[in-house]
Structures are given as structure tokens and as C-alpha cells.
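Engineer: Those protein sequence lines, which keep their order, are chains W and F.
The working numbering applies: residue 672 is where the first sequence begins, and numbers increase by one.
The working numbering applies: residue 672 is where the second sequence begins, and numbers increase by one.
Watch out, some of these pointers could steer you wrong.
Since the list can't tell identical chains apart, any single copy or any two copies may satisfy a pair.
Listed below are the simulated BS3-like cross-link pairs for lysine-lysine, each with C-alpha atoms no more than 30 angstroms apart in a straight line [unchecked claim]:
#1 K796 <-> K808
#2 K940 <-> K687
#3 K685 <-> K968
#4 K842 <-> K749
#5 K968 <-> K796
#6 K1006 <-> K685
#7 K806 <-> K722
#8 K977 <-> K806
#9 K797 <-> K977
#10 K1006 <-> K936
#11 K873 <-> K722
#12 K808 <-> K950
#13 K797 <-> K937
#14 K797 <-> K950
#15 K1006 <-> K806
#16 K681 <-> K704
#17 K796 <-> K873
#18 K687 <-> K947
#19 K977 <-> K950
#20 K704 <-> K842
#21 K687 <-> K808
#22 K784 <-> K808
#23 K906 <-> K832
#24 K797 <-> K947
#25 K873 <-> K806
#26 K696 <-> K950
#27 K696 <-> K842
#28 K940 <-> K797
#29 K808 <-> K685
#30 K906 <-> K796
Bear in mind the hints are in silico, worked out from the structure with no lab data behind them.
Chain by chain, the residues run as shown.
There are 2 protein chains.
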Amino acid sequence: MLGLTPLAEKAIKKLKEVHKPEIDKRLRAALEKEREYIPNDHPLFHDVIDKLLDFNMRGGKRLRPSFIVEGYRCVGGKDMDAIYDASLVIEGSEAWLLIHDDIMDDDTLRRGKPTMHVMYENELKKRGVQLPPEKLKHMGISLGMTVGDLQAVLTYEWLTKPDFPRELKEKALQRYNLVLRLTCYGQILDVMAETMPPEEIKEEDVLLIHSLKTSAYTLWGPLQIGAILGNATDKQLEIFYNYGYPLGIAFQLQDDILGLFGDVKKTGKPAHSDLKEGKRTLLIIKALENATPEQKKRLLEIWGNKNLTDEDAEEAREIVRETGSLDYNRELARKLAEEGMAAMEAADFDPEGKEYLLGIAEFLINREV
Amino acid sequence: MLGLTPLAEKAIKKLKEVHKPEIDKRLRAALEKEREYIPNDHPLFHDVIDKLLDFNMRGGKRLRPSFIVEGYRCVGGKDMDAIYDASLVIEGSEAWLLIHDDIMDDDTLRRGKPTMHVMYENELKKRGVQLPPEKLKHMGISLGMTVGDLQAVLTYEWLTKPDFPRELKEKALQRYNLVLRLTCYGQILDVMAETMPPEEIKEEDVLLIHSLKTSAYTLWGPLQIGAILGNATDKQLEIFYNYGYPLGIAFQLQDDILGLFGDVKKTGKPAHSDLKEGKRTLLIIKALENATPEQKKRLLEIWGNKNLTDEDAEEAREIVRETGSLDYNRELARKLAEEGMAAMEAADFDPEGKEYLLGIAEFLINREV
Chain W
672 MLGLTPLAEK AIKKLKEVHK PEIDKRLRAA LEKEREYIPN DHPLFHDVID
722 KLLDFNMRGG KRLRPSFIVE GYRCVGGKDM DAIYDASLVI EGSEAWLLIH
772 DDIMDDDTLR RGKPTMHVMY ENELKKRGVQ LPPEKLKHMG ISLGMTVGDL
822 QAVLTYEWLT KPDFPRELKE KALQRYNLVL RLTCYGQILD VMAETMPPEE
872 IKEEDVLLIH SLKTSAYTLW GPLQIGAILG NATDKQLEIF YNYGYPLGIA
922 FQLQDDILGL FGDVKKTGKP AHSDLKEGKR TLLIIKALEN ATPEQKKRLL
972 EIWGNKNLTD EDAEEAREIV RETGSLDYNR ELARKLAEEG MAAMEAADFD
1022 PEGKEYLLGI AEFLINREV
Chain F
672 MLGLTPLAEK AIKKLKEVHK PEIDKRLRAA LEKEREYIPN DHPLFHDVID
722 KLLDFNMRGG KRLRPSFIVE GYRCVGGKDM DAIYDASLVI EGSEAWLLIH
772 DDIMDDDTLR RGKPTMHVMY ENELKKRGVQ LPPEKLKHMG ISLGMTVGDL
822 QAVLTYEWLT KPDFPRELKE KALQRYNLVL RLTCYGQILD VMAETMPPEE
872 IKEEDVLLIH SLKTSAYTLW GPLQIGAILG NATDKQLEIF YNYGYPLGIA
922 FQLQDDILGL FGDVKKTGKP AHSDLKEGKR TLLIIKALEN ATPEQKKRLL
972 EIWGNKNLTD EDAEEAREIV RETGSLDYNR ELARKLAEEG MAAMEAADFD
1022 PEGKEYLLGI AEFLINREV
């Protein structure tokens, strides 16, 4: 991997070679164990588990559950077997939310294979169900939604099963509830923002969406859940927040910078996809705020235009540069990332856990532009 | 209320005059308390709570939470304050599942007011969002789904908050997880059955759907959750199962009999609605199984025909009678109901709790045909 600091490289290696195989193994086992709860050993319900196994085991970096494990390690937790089991909660929630998100986004593919509701639509076709295509699609969505709900239930099961003191498990579960609430609020605000003209979206709402959907859900939430299971103090929990909150926002800001200015070959995203789909990024919102009437008019013409040319995209980038929006975003991302790193550097945590979190932070914010 | 036994009348009076006001009050308070978790005091999130309050407080008999309370009482539980708070879990799950069900069924009304996804579609229109109607509808569905997910999270919060020994709360939560799994499986089987020709649906699958969606979710599930919080023995838990399992199926069988043969003025359902919508009832499935080729042909012509006449409906009823399906269903419902009642009558439970459950059972199965 090019451009990675040694610390980032070490953390990524640990994620891939230690955490991911361990989490994958336990996730598969937890889903297989679900067959014990199948009423009447019904083949249709075994098929639900088959589909959940397919969906869950398609890949996924397992970064969030690794944060549960390392948050626990940071505060001195020693029962790695139990914490790996508990870490499944946040990988399970990811499957639940992705199954539902794919319905909301009307996506047909997830990691190169059919989304859950499309798997069910295909299943109905395979069974020879004679219904109009629209009805078949709707039935697939109904089944996908329900399997998402089932997956939601499993997350709670996975958090309560491992062998930790019940007081800590209850506290961790309540923290998980908090994090999921924030995630849902972030999603609601995000969908709402999609319905608004970009000039009406406030900077604070864009940052709030990032803080809810990324900082809370991906960073400080899993870290705190793990740390709570390791009997962390409130002061320790605060450090994870001070690390994860700014870092999550910085990551998303930089992700948007990469989306607009990054090398298509390196980001792997289709050319100009953020522009074409009219993504409500702080880059665009800030540019519109500072633009001349002329620039604003042009940017709004280009933004959200599915047929834009390379020249249009270059012009949009120019406007984002000239209005100072690119500098503003870069500076904000840099400042937030530094804040997050500083909070972790100052922490009196287990050195191995701390090293991992510093390495991941460097990975998240120093990706090449 | 006509035709109620004194015991049923007493139980219904208790449900309406004692349980419902107590549960309504606490449900409202629990939702209002959610405002404390709203990030940035954002008006959009206060609006989510407003909508959840509207949806949750529209009515609802509160039968399921009353079972948590009475299951607890049956095994000697004394902390009525705590158990009423815990009982919200199953009313919250009802809101969660109804919000999602209404999307699956493409329903616009729930208890005479807009369903959650339609509330959001209307909200977007009110905000002047300029999008094609199909897109607006889809956005409403996305927001409704997410609010359903949020409501799912709240149920777990409501179960862990009340002051019971943590060991019992954890066990109750795991039982809740089991019941919700069964409910999801029931929903999956139900949606799948809707896609199948009625001749291919097996009797055992119809009974399995009833046992999952009604016996487990409405009857023995809530009863066992309450009883577990009252530190019930496994033997006591089994009694609730032996009561709720057959009774839930009996109730649904009788509900279907009422749907086809009941007096429209008394059932309150639109005339012939089960027939028109092609509901997969055991009445129809058994009739098809026993029918002559002639009867089968006619029944399949009438069943699912949205424009059927009163004469068609009467002919369908005749076939259901002549094939012995009505007698079969009545007899099965009677046998199951007796089984359930006998299990409760034999139980060494708190007399007040037992009396309530016997009264509710009489109410559920002795409604007029």
C-alpha cells in the first residue's frame, strides 16, 4: 500500500491478518448457531440463515468490531475470547442497516452480489411465482425488510451472550442503543438533506450527519462499547469520544475531497460520481456560499447533472478551488484530525491498543489525494 | 358488550380501565424522555419524536403489555411500577413492526390516520419538496423504515431500564429476542405464502404462521417475559406456553371463521374482505383439499376476486361448509382453546393474574359468530 505511514501499515496489517479472520470465524459461527432457533426446522428459515451468511460473509473490513476489541484492550481488558464474541454486535448492526439502506437506495448490488431484497426477488422468480415484476420487487423488499429486522434482533443477542459481568453488559447495551439512535437520526437528516436544494443546507447539518453516521457509529461508539465491557472510567470513555468525534468528521471531509479531486485510479470510484449524483458535500455547500452569482449558477448547472462532461467537472473543481472551499475543507479536516490524534496520543492506554488506534487514524486521514 | 362471559367481561374491564391508562401514561412518558437523547436539540429529531408519539398514542388495546404485567403477577411478582415500565417493550415492538408492516402492505392508514411512511411523504410535501410523486413516496418509505429501526432500538432500552435484578433482565431480553425471531420467521412465511397458489399451501404452514405471529408474539411471549422478570421457574414458563400456544392458533382460526361467516355489523370488517383479498386461511385451504373438481374450480374463481358478488360469496361459504372445512376449523379451534384454558385452570398461579388470563381467553375465543 503506497503512502502509508509505518504505524498505519502496521495497524492495517493487524486488522487484516488478526482481527478480520477472528471476527469472520465468529460471525459465521454465530449465524450458524441461529439454526438452533429455527421453528419446525423449516427449510424456508434455513434459507434465511443461508442468505444472511452469504450477505455477512461477502467481505467487509471489520473495522468497527476491531474497535470494540481495541477499545477493550486500551482500558486493560484481558478476555480476548469474550470481547471478540461481543464485537459481532456492531458487525451485525452493519448488516441490518445495509440491508435496509439498500432498499432505501434502491440498490441492486452490494459488494458485487445481489442486495438482500434482490436476493429475495430472485428467489421468488426461481420458485416460479407468477406475479407482475413490480409486485415481485415489492415482495422482495418486504422479505428483505423483515430479514433486516431479524438481523437487528441478532445484534442484541450477540451482545448479551458473552461472559462479562452483567452490569457491564447492560451498560454496553445501553451505549449501543445510544449509538444506534444517533445513527438513525443521522440517516433521517441525511435523507431529508437529499430532498433540499443545496443552498438551503447548513454547514452544521452536514457536519452533524458526519458526526452521527461516522464518528458515533464507526468510531467512538464501538470504541466505547468495548471500553465499557473492559470497565472503563467515564474519563476514559471521554478520550474515545475526543478521538473518534473529530476523526470521523475529518475522514468524511477528506473522503469528499478525494471524491471530487482524487485520482479515479486510486479512489476506485467512477469518474465524477459525487458530482453526478448531486452529493451534498461541504465542498459544494461552502463553494455555493462563497460563490459569485455567475459561479453559483454554473456550479448548480453542473452539480447533479448525470451527463456532465470532463470539462464541466473541471470547471466545478475550479469553482470549488476559487471560492476557497477546497482550502476551507482541507484546513477543517486537518484541524479535526489533529485534534483526534492528540486526544489519543495523550491517553494513558494499553500501548498495543493505543498504537492500533493511532495507526488507524493515520490510515483514515492520510490517504492520498 | 354482548355475549361475554362474566369472567371475560371482568378481564376486559380491567384491561380498559386499569392496564391501558397505566400503559398509555408510561408509553407517552418514555417517548417524551427520548427528547433528552436528541443530538443538537435538532428540530427535525424532535419532529421524529412527535411522529412516534402520534403513532404510538392513537389507540391500541395494550393487550400484549398487559400480558407482561399479568404474567409477572401470576408467578408472584410484586413491583407493579417496574413491571408496567418493562411492559412497554412489547408495545414498542408493535409500533416498530407496524411501521414496517405498513410499508410492506403499502397501507396509507393505520387506526384512521396516516401510516408513518405516509406521514413523512406528507411532511416532505408540506416542506415544498419538488420531486416526482414516485420519488416522494420512496423518500417517505425510507424515512418510515428508519423511524421503525429507531423504534426497534427503543424497545431494548425500555426493557433494560426498569429496576429488576440484572440476571432476570438479561434472561427476559433473550426471551424477547427469541420471540422477535419467531415473529420475523412468521412474517417471512406469511409473505412467502402470499406468493403461492392456495392449493400448494400446507395446513401445517398456516398453523405455523399463527403460532409464530400470534401465539408467540401476542400470547406466550409477553407472558413469559413478564414471568421471567418475576423469577419464574421453567415449569411455570411452560404453563404460559401451554396456555398461549393453542389459544393463539384458536383465536386466529376463529378470526378467519368470523371473517367468512361473521355478521359484518358485528365484526366491523368490510363485507367479504377475506375472500376478496384472497386471504390464505385454513378454511379455504381445507375446503380446496376436500373439494370436488367442480367445487375447487368455483372456489378458486371466487377466492381473490375483488369484484365478487354477494351470491359468489354465499357460494364460497356453501363450499366451505359442504367440504366439511367449516366443521374441521371449528372443531380444531374448540379443541385448541380447551387445551389452552385447561393448562391455565390447572396452574398454581396468583389468583388475580390467573383470573385475568382465563377471562381474556374466554374473550378471545367466545366472540360471536
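Engineer: Would you mind marking each hint as holding or not holding in the structure?
Structural biologist: Hints versus structure:
no. : hint           : result
1   : K796 <-> K808  : both (10 angstroms within a copy, 26 angstroms between copies)
2   : K940 <-> K687  : within (22 angstroms within a copy, 58 angstroms between copies)
3   : K685 <-> K968  : neither (48 angstroms within a copy, 66 angstroms between copies)
4   : K842 <-> K749  : both (19 angstroms within a copy, 25 angstroms between copies)
5   : K968 <-> K796  : between (47 angstroms within a copy, 26 angstroms between copies)
6   : K1006 <-> K685 : within (27 angstroms within a copy, 62 angstroms between copies)
7   : K806 <-> K722  : both (21 angstroms within a copy, 29 angstroms between copies)
8   : K977 <-> K806  : both (29 angstroms within a copy, 17 angstroms between copies)
9   : K797 <-> K977  : between (34 angstroms within a copy, 28 angstroms between copies)
10  : K1006 <-> K936 : within (28 angstroms within a copy, 70 angstroms between copies)
11  : K873 <-> K722  : between (40 angstroms within a copy, 24 angstroms between copies)
12  : K808 <-> K950  : both (27 angstroms within a copy, 20 angstroms between copies)
13  : K797 <-> K937  : neither (39 angstroms within a copy, 43 angstroms between copies)
14  : K797 <-> K950  : between (36 angstroms within a copy, 23 angstroms between copies)
15  : K1006 <-> K806 : neither (51 angstroms within a copy, 38 angstroms between copies)
16  : K681 <-> K704  : neither (33 angstroms within a copy, 44 angstroms between copies)
17  : K796 <-> K873  : between (45 angstroms within a copy, 21 angstroms between copies)
18  : K687 <-> K947  : neither (33 angstroms within a copy, 56 angstroms between copies)
19  : K977 <-> K950  : within (12 angstroms within a copy, 45 angstroms between copies)
20  : K704 <-> K842  : both (25 angstroms within a copy, 18 angstroms between copies)
21  : K687 <-> K808  : neither (37 angstroms within a copy, 41 angstroms between copies)
22  : K784 <-> K808  : both (17 angstroms within a copy, 27 angstroms between copies)
23  : K906 <-> K832  : both (27 angstroms within a copy, 23 angstroms between copies)
24  : K797 <-> K947  : between (35 angstroms within a copy, 27 angstroms between copies)
25  : K873 <-> K806  : between (39 angstroms within a copy, 23 angstroms between copies)
26  : K696 <-> K950  : neither (36 angstroms within a copy, 43 angstroms between copies)
27  : K696 <-> K842  : both (26 angstroms within a copy, 26 angstroms between copies)
28  : K940 <-> K797  : neither (33 angstroms within a copy, 36 angstroms between copies)
29  : K808 <-> K685  : neither (41 angstroms within a copy, 45 angstroms between copies)
30  : K906 <-> K796  : neither (55 angstroms within a copy, 46 angstroms between copies)
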